[in-house]
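Engineer: 1 is the number of the first residue of the sequence shown in the working numbering; add one for each residue after it.
If you are wondering where the hints come from, they were derived from the structure by calculation, not from laboratory data.
Beta carbons: idealized from backbone N, C-alpha and C, even for Gly.
Careful, some of the hints might be misleading.
Here are the simulated SDA-like cross-link-like pairs (lysine to any residue), alpha carbons at most 25 Å apart as the crow flies [as the list claims (entries may be wrong)]:
1. Lys328 to Gly380
2. Lys488 to Val142
3. Lys488 to Pro89
Between beta-carbon pairs, the in silico distance windows are [as the list claims (entries may be wrong)]:
4. Leu78 to Asp326: 26 to 32 Å
5. Lys441 to Ala128: 44 to 50 Å
6. Ala506 to Lys436: 48 to 54 Å
7. Ala128 to Glu279: 18 to 24 Å
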Amino acid sequence: MSDIDTSRADETATGTAVDEAARDADRDADERAAAAQLSTTPSEDAPAAAGIGVLGWLRWFWRQLTSMRVALLLLLLLALAAVPGSVIPQNGVDQLQVDLFKEDNPGLSAVYEKLQLFDVFSSVWFSAIYLLLFVSLIGCIVPRSWQFVGQLRARPPRAPHRLDRMPAYATWRTDAAPQDVLAAAHRTLRSGRFRVAEGDGAVSAEKGYLREAGNLLFHLALIVMLVAFAVGQLWSVEGGKLIVKGDGFSNTLTQYDDISAGGLYDFEDLDDFGFTLDEFHSTFEPSGPQKGTPREFRADVTYWDGADGAERQESIEVNHPLEIGDSKVFLIGHGYAPVVTLTDGQGDLAYRGPVPFLPQDINGTATGVIKIPDYRDGEGEPEQLGFVGRFTPTYGLNAELGPHSTFPALNYPVLALSAYHGDLGVDAGLPQNVYKLDQRKMEPFTGADGDILRKSLRPGESWELPDGAGTLTFERVERWASFNIAQKPASGWALAGSLAAIAGLAGSLFIQRRRVWVRARRDGAGHTVVELAGLGRSESARLPEELDRFVATLTAEAAPLEDGPDAEADPPADRTDPSPDGGSAVGADPRRRS
1 MSDIDTSRAD
11 ETATGTAVDE
21 AARDADRDAD
31 ERAAAAQLST
41 TPSEDAPAAA
51 GIGVLGWLRW
61 FWRQLTSMRV
71 ALLLLLLLAL
81 AAVPGSVIPQ
91 NGVDQLQVDL
101 FKEDNPGLSA
111 VYEKLQLFDV
121 FSSVWFSAIY
131 LLLFVSLIGC
141 IVPRSWQFVG
151 QLRARPPRAP
161 HRLDRMPAYA
171 TWRTDAAPQD
181 VLAAAHRTLR
191 SGRFRVAEGD
201 GAVSAEKGYL
211 REAGNLLFHL
221 ALIVMLVAFA
231 VGQLWSVEGG
241 KLIVKGDGFS
251 NTLTQYDDIS
261 AGGLYDFEDL
271 DDFGFTLDEF
281 HSTFEPSGPQ
291 KGTPREFRAD
301 VTYWDGADGA
311 ERQESIEVNH
321 PLEIGDSKVF
331 LIGHGYAPVV
341 TLTDGQGDLA
351 YRGPVPFLPQ
361 DINGTATGVI
371 KIPDYRDGEG
381 EPEQLGFVGR
391 FTPTYGLNAE
401 LGPHSTFPAL
411 NYPVLALSAY
421 HGDLGVDAGL
431 PQNVYKLDQR
441 KMEPFTGADG
451 DILRKSLRPG
461 ESWELPDGAG
471 TLTFERVERW
481 ASFNIAQKPA
491 SGWALAGSLA
501 AIAGLAGSLF
511 IQRRRVWVRA
521 RRDGAGHTVV
531 ELAGLGRSES
541 ARLPEELDRF
551 VATLTAEAAP
561 LEDGPDAEAD
571 PPADRTDPSP
581 DGGSAVGADP
591 RRRS
């Protein structure tokens, strides 16, 4: 090497040492700018220090509430808060089960009532979580939306000084002019649906904006769902009705067994319709490992819409409700109603009709109560009778379970009863569970041994009560079905929000935000050095694969130089991991791995 060359090398080394810190700072700034705003997540400032006043603390609280981690925490808390509502009977869903739970667990029920666990979804603590999540989502969406709009209007960031520091990188030399290479890169990236900008001897491109759009859509969909659920709770009404075959129902307040409505619902808005239960069909698996498994539940009804509406026939099945106006009629249960007749001690008819019994297990073992408020004994004195019964559609008996049903179909029905006389308590005017017998003022009929009289009856059999108290006859068995009649607005909005949330989540998971830069410049030997680099929001194998396709397209128009003395005469300063044949080298920089 000549003295002149040595002197130039020394001067270059000296200049490099003097400007090293400035160039590194510029390069780091270029890299930060290139990676900036790959997400619309708002930057979170450090928590404010104490002693900054009420306004400062309010600002700090707002930043915490609208942060993404708090929104996710509130969403988790909302899911956990809904768990008690699914395992503890709720007043607005099944009042009968609530009453039974309170009777069986008086001590625990007192604690549950104080914690509002029988009204989870209208409780203060659930509403607080709900409202905080609503505010947090809005606080997250607004700044993200403004930042996203700004990114859509902005140009892709200019190419960093050191492209070889990017996770995906390729470089080669060619005889094509730099402007021709950049023009080809512009066409290639545009054909790949990238947003492209040129400047400073480089082409910048960006793609994957739908990822952020998916994030925003997901959060907006959550707000739509929250609003829809709130509207549905405030302006909704639903109730239950048990109907024996042949009986009907009219959609008026007094016809419901139980009914609940949102705080803003007006019962005058109940849809004007009614229906009659014509027939109930059920089939069960007769044998095998799935013996007793239900195969079909169907209620055939005749309904009318409006006072003067024409009658129509329809079938209601599980998950296939009957829709009338804004109301839906769901089939939710079924069972058996023994038809009994009672003649009193004077030989007069005191009661005749079906009595629904409530199933207690999957095989149909059911319990119920027969109450006879208008009755005269053998001496003509007014009294009241009560019968506590167990009905088994297919009777079975063993030492472990006692009398029970072995199959849910009516193969061998048996009605077992025990009789009481006295005061039922129905004249006190207080609400009473029709499926429970208040025995505080009742005395059982007893036999000669002093035990409570019990009798098992088959259809058509009768029971003569002692002391000429009368006769009870088990005539036959009818079917009953229970229905839930619901009117819930904004259900369509909730469904649309759910679908939009799924679409937004899919977009945010499967669409990758990425940037590509192409630089072309002359080297000391008069050749054009082409550099490609890619940067994604997260590490993915798709980015190097996509860069490979761009390299293949560009090398078709700007062919790499063959190996030879000129190919390595003046290697570019930024080139890393070149391929042996002078072609492209794509992959992670060994000095900087992501």
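Engineer: It remains to establish, for every hint, whether it holds in the given structure.
Structural biologist: Each hint, compared with the structure:
no. : hint                         : verdict
1   : Lys328 to Gly380             : violated, 50 Å
2   : Lys488 to Val142             : violated, 30 Å
3   : Lys488 to Pro89              : holds, 20 Å
4   : Leu78 to Asp326: 26 to 32 Å  : holds, 27 Å
5   : Lys441 to Ala128: 44 to 50 Å : holds, 46 Å
6   : Ala506 to Lys436: 48 to 54 Å : holds, 52 Å
7   : Ala128 to Glu279: 18 to 24 Å : violated, 48 Å
Consistency with the previously given hints fails for numbers 1, 2, 7, ordered from lowest to highest.
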